[in-house]
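Those protein sequences? They're chains A and B, same order as listed.
Counting from 1, one number per residue, gives the positions in the first sequence under our numbering.
Counting from 1001, one number per residue, gives the positions in the second sequence under our numbering.
Worth flagging that the hints you see were computed from the coordinates, not collected in a lab.
Some hints here could point you the wrong way.
[What the hints assert, rightly or not] Sample of chain A residues facing chain B (criterion: CB under 10 Å; computed from the structure): (1) Ala17; (2) Ala20; (3) Val21; (4) Tyr103; (5) Leu110; (6) Arg113; (7) Thr115; (8) Phe400; (9) Tyr403; (10) His480; (11) Leu482; (12) Leu486; (13) Leu490.
[Said to hold, decoys possible] Derived DSBU-like pairs: lysine-lysine, alpha-carbon spacing no greater than 35 Å straight-line: (14) A:Lys319 with A:Lys31; (15) A:Lys431 with A:Lys142; (16) A:Lys141 with B:Lys1124; (17) B:Lys1081 with A:Lys383; (18) A:Lys464 with B:Lys1124; (19) B:Lys1397 with A:Lys141; (20) B:Lys1052 with A:Lys142; (21) B:Lys1291 with B:Lys1481; (22) A:Lys439 with A:Lys346; (23) A:Lys31 with A:Lys142; (24) A:Lys109 with B:Lys1444; (25) A:Lys439 with B:Lys1291; (26) B:Lys1444 with A:Lys142; (27) B:Lys1124 with B:Lys1086; (28) A:Lys233 with A:Lys220; (29) A:Lys319 with A:Lys226; (30) A:Lys289 with A:Lys109; (31) B:Lys1081 with A:Lys141; (32) A:Lys109 with B:Lys1481; (33) A:Lys31 with B:Lys1481; (34) A:Lys142 with B:Lys1481; (35) B:Lys1081 with B:Lys1124; (36) A:Lys319 with A:Lys439; (37) B:Lys1291 with A:Lys109.
Beta carbons are placed, not taken as given, at the ideal position from N, Cα and C, and that holds for glycine.
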Amino acid sequence: MEHWSLISLCVLLALTARWAVSFNSYSGAGKAPMFGDYEAQRHWQEVTYNLPVQEWYFNTTDNDLNYWGLDYPPLTAYHSLLCAHVAKLINPAWVELRSSRGYESASHKLFMRATVLVSDILIYIPAVLLYCFYLSEGSYKKKAATALCILLYPGLILIDFGHFQYNSVSLGLALLGVVGLGLGRDLLGSLAFTLALNYKQMELYHALPFFCYLLGRCIKQGLLGKGLLLLVKISLTVLVTFALCWLPFLSDPQQILQVLHRLFPVDRGLFEDKVANTWCSLNVLIKIKTLLSRDTQLLLSFALTLLFILPSSIKLLTKPTILQFKLALVNSSLAFFLFSFQVHEKSILLPALPVCLLMNELPLMATWFLVTSTFSMLPLLLKDGLLLPYVVTSLAFLYFSVYLLSALERTSEEELRLGPCQKRTQYCLSKHTLSLLIKCTFGASLVFMAGLSFTSVAVDPPAKLPDLYPVVVSVFSFVHFLALLLYFNLVQLTELTNKKGQKKTN
Amino acid sequence: MAASTSQGWSWFLALALGVSFMKCLLINAYHSTDFEVHRNWLAITHSLPVSKWYYEATSEWTLDYPPLFAWFEFGLSHIAKYFDAKMLVVENLNYASPATVLFQRLSVIITDVIFIYAVRECCKCVREDKGKDMLAKPSFILATLLLWNCGLLVVDHIHFQYNGFLFGILLLSVARHLQNRHFEGALLFSILLNLKHIYLYIAPAYGIFLLRCFCFTQSNADGSVRWKSFSLFRLVALGFIVLFTFAVSFGPFIILGQIPQVLSRLFPFKRGLCHAYWAPNIWALYNIADKALSVLGIKFKLLDQNKLPKASMTGGLVQEFQHTILPPVSPLVTLVCTLLSIVPVLFSTWRRPNGARGFLRCMIICALGSFMFGWHVHEKAILMAILPLSLLAVESKEDARTFLILSTTGHFSLFPLLFTAPELPIKILFMLMFTIFSFTALSKLFRCWLVNSVEAVYLLGLVPLELICEIVYPLTHWQQKLPFIPLLLTSVYCSLGVVYCFIRLYLSVFTAPSSKVKVQ
């Protein structure tokens, strides 16, 4: 079969899966008075269309910030404005100021779903294809298989096309940034990433590796010669992009402060709902929220996050290669997810993106992480009535990534990039046992996830512990994430010796 | 022959599982009134005694499939009660609770296991190249063409019907004939007839083939029949098989004396020549020719508008189409036309059987002939020709060419089944996937581009046709006055392709075997 047809089949399959998921319910469907993220996105269209830019982020008589006030950076607002213009053309009632609150209809759902699909087609899918066909290794079929697996990652599909959000835009832009850097187009890459940052502030999880990678490259070229020039160019690109995105708000410092205040709502607490990070899991044992003052919490979370991202960032700074970069992206975003302040369960999509990029190098671990990340959002997905697509897409993803990328066969120490640690482990574990042990743990964890998914649907929790299932789900996922964070750190930090070893054998 | 080890067949599992996952994702998609039809049948068979099955008429969707299918529904209903017992109440018209939807959809998906098994058996019968590239192996291509058939996905898993396992039985029967296990093949087909009687259309092919190639055990050197080789035992055994299945299926109704009632339900000739939406066949062309003639006649003042019957198409969806100029068509005429269209190929099969593959070709022509000329043909019946043709398509270049044209036009003609806006992208995506795969894979297999430029232009014409019918036309004001125009355009345009394929298939019968005899 020709190459183009293989790619188009992968893309068409991914699109079909996305659109099929979109037949299902969305967050807050029919749940007056607050509804959910679907209504939030619609409301932003209403606000941006009807109000002047200066009022978007302010609480006014026409803009009640307590009702899904805009709390994403300007690019999201512009995107909403664009969608609102299209909506106005089709049916003005969809974006009518105030009277459109809680608007729901079949045709409106179709319109909203279509806007997600269009942004996905325009940004995320091309980014994945570019990445797979230019930056990943192997035969053409292998690349197509990787692309298919990445595109079928259930977490993103379920949140964007089920729950309803536009994560594919910010993640797609960030991925374009990775591709740009990988192809040596540093300026284009920084441009794309700055746009991502201006679409969703959560992209800050990825910011440090981008910074370290670029800085590392500048240092490599010599900070006094070429490197300095590059550094200046990059900084200019970033600054100009930022300025352009924030242009309407730059006239008044009050505006900037208000936007920033909306973007970083420190007063919303250490964590909300049940999220599979350290704080929520620790909360089972110690009630941190009541025990420590808010400032201490802030400080503690900041310190811990910093502690976990520093090693990988420093390593990346000294060795700016693309593999290091991808690993650092995982380590940084996962550390943010686990330790930082005010994390949502959906933020797991941020570490999931760079993990997707490792599907080819570390198929088993990446699959494990990605399946767990989808599982960690189970309570949310159940609330949205997305049980069926959750089960189907997770099983499909698991099967195809194990089958197409032969994840279960690639479990030797070399394949897991644990070669450098071999010396220490070989005393207690033979090569064969390690691979077997990992496979068994993988299987057991899958069985546990399946069982827990089943019980949380089929069996009512005991009356005393109404939150039992969400807590078990988040603690279980947290353990996985923490272990995988340590694993990915280990791989990243020992990578140098690994490479040297390879060179010697070559 | 492909290796039958589990290692060699892992790709098959991936294809089958992949499509099953896709089917599961479609559970919450739109479903047509056929969903209610089958729910009603579940209710009828579950809550009424056998004697009332074919008399019950609370719902307008009365039981009109043969008894074995009723027993199939009866069996399903015993699982259904664990999902939602309310769906089994006859009076609960249009009942579609989430549990009901889940159960009915899952019943289609799970019974498709028969189809998957049949496809595997068919793949084993394919002549295999020794190419290394798995994606270009005939068995892989055949499996994808059958499992991922876009028409079947649309009709079964969105529109809602149980064609999957029925086609599974048909393909399994074909595979058994290809494997020279004729008794099993005959048994399967006679079971199939008792599940859905539309397969009667291809029964002549089975009859001729079994008589000629199985009951007569040998042929003369020139391929003609050797009369002395007749095996009475085989004929009697076949007869017993057929009678036995029919006895099991219809026996209870014979005892109850309900056969006339059952038959009147199975063959409702009161319906019109064409279905609400015209299937792309000869009669669609006939109707449009009639319309064109009457319009021209009025324009050139050859006809008096007042004397013509009242404009019969303005209703949009019309069951009865009154011809104004051309003579009206009666069921008898369609029957004669159908018979005339299949007699030559039956005759040719009798004279030069060309084995099970010749039979397969004969069967496809019977299916397509009845589709072209039959009474009240449904557009879905085109699958009866497309699916078996996939088997021939991976073995011969000319058949592959016919297949590409027939499958593209045939699948496109199924589009009007899904008229709801959310399903528009899905049907286009399925169609694109299937078309891209079939064109590139078959071209790669035969190492050349298969369709010529005229055919390519015709097929590409489907793109603007789709744009006009489903996007541009609904935005114009004609949509209110003449809502049937897109359907009409679709069926007329597609019928050209189907007619062309019918002719090509016929030609292949009368040209290919003679050359083969010469070679031998």
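Okay, the hints, checked on the actual structure:
no.: 1; hint: Ala17; verdict: 6 Å, holds
no.: 2; hint: Ala20; verdict: 4 Å, holds
no.: 3; hint: Val21; verdict: 7 Å, holds
no.: 4; hint: Tyr103; verdict: 18 Å, violated
no.: 5; hint: Leu110; verdict: 6 Å, holds
no.: 6; hint: Arg113; verdict: 8 Å, holds
no.: 7; hint: Thr115; verdict: 13 Å, violated
no.: 8; hint: Phe400; verdict: 7 Å, holds
no.: 9; hint: Tyr403; verdict: 5 Å, holds
no.: 10; hint: His480; verdict: 24 Å, violated
no.: 11; hint: Leu482; verdict: 31 Å, violated
no.: 12; hint: Leu486; verdict: 33 Å, violated
no.: 13; hint: Leu490; verdict: 33 Å, violated
no.: 14; hint: A:Lys319 with A:Lys31; verdict: 51 Å, violated
no.: 15; hint: A:Lys431 with A:Lys142; verdict: 27 Å, holds
no.: 16; hint: A:Lys141 with B:Lys1124; verdict: 25 Å, holds
no.: 17; hint: B:Lys1081 with A:Lys383; verdict: 27 Å, holds
no.: 18; hint: A:Lys464 with B:Lys1124; verdict: 59 Å, violated
no.: 19; hint: B:Lys1397 with A:Lys141; verdict: 26 Å, holds
no.: 20; hint: B:Lys1052 with A:Lys142; verdict: 59 Å, violated
no.: 21; hint: B:Lys1291 with B:Lys1481; verdict: 17 Å, holds
no.: 22; hint: A:Lys439 with A:Lys346; verdict: 28 Å, holds
no.: 23; hint: A:Lys31 with A:Lys142; verdict: 45 Å, violated
no.: 24; hint: A:Lys109 with B:Lys1444; verdict: 41 Å, violated
no.: 25; hint: A:Lys439 with B:Lys1291; verdict: 69 Å, violated
no.: 26; hint: B:Lys1444 with A:Lys142; verdict: 19 Å, holds
no.: 27; hint: B:Lys1124 with B:Lys1086; verdict: 44 Å, violated
no.: 28; hint: A:Lys233 with A:Lys220; verdict: 16 Å, holds
no.: 29; hint: A:Lys319 with A:Lys226; verdict: 18 Å, holds
no.: 30; hint: A:Lys289 with A:Lys109; verdict: 38 Å, violated
no.: 31; hint: B:Lys1081 with A:Lys141; verdict: 46 Å, violated
no.: 32; hint: A:Lys109 with B:Lys1481; verdict: 28 Å, holds
no.: 33; hint: A:Lys31 with B:Lys1481; verdict: 40 Å, violated
no.: 34; hint: A:Lys142 with B:Lys1481; verdict: 53 Å, violated
no.: 35; hint: B:Lys1081 with B:Lys1124; verdict: 39 Å, violated
no.: 36; hint: A:Lys319 with A:Lys439; verdict: 32 Å, holds
no.: 37; hint: B:Lys1291 with A:Lys109; verdict: 41 Å, violated
In summary, the numbered hints that this structure violates are 4, 7, 10, 11, 12, 13, 14, 18, 20, 23, 24, 25, 27, 30, 31, 33, 34, 35 and 37.
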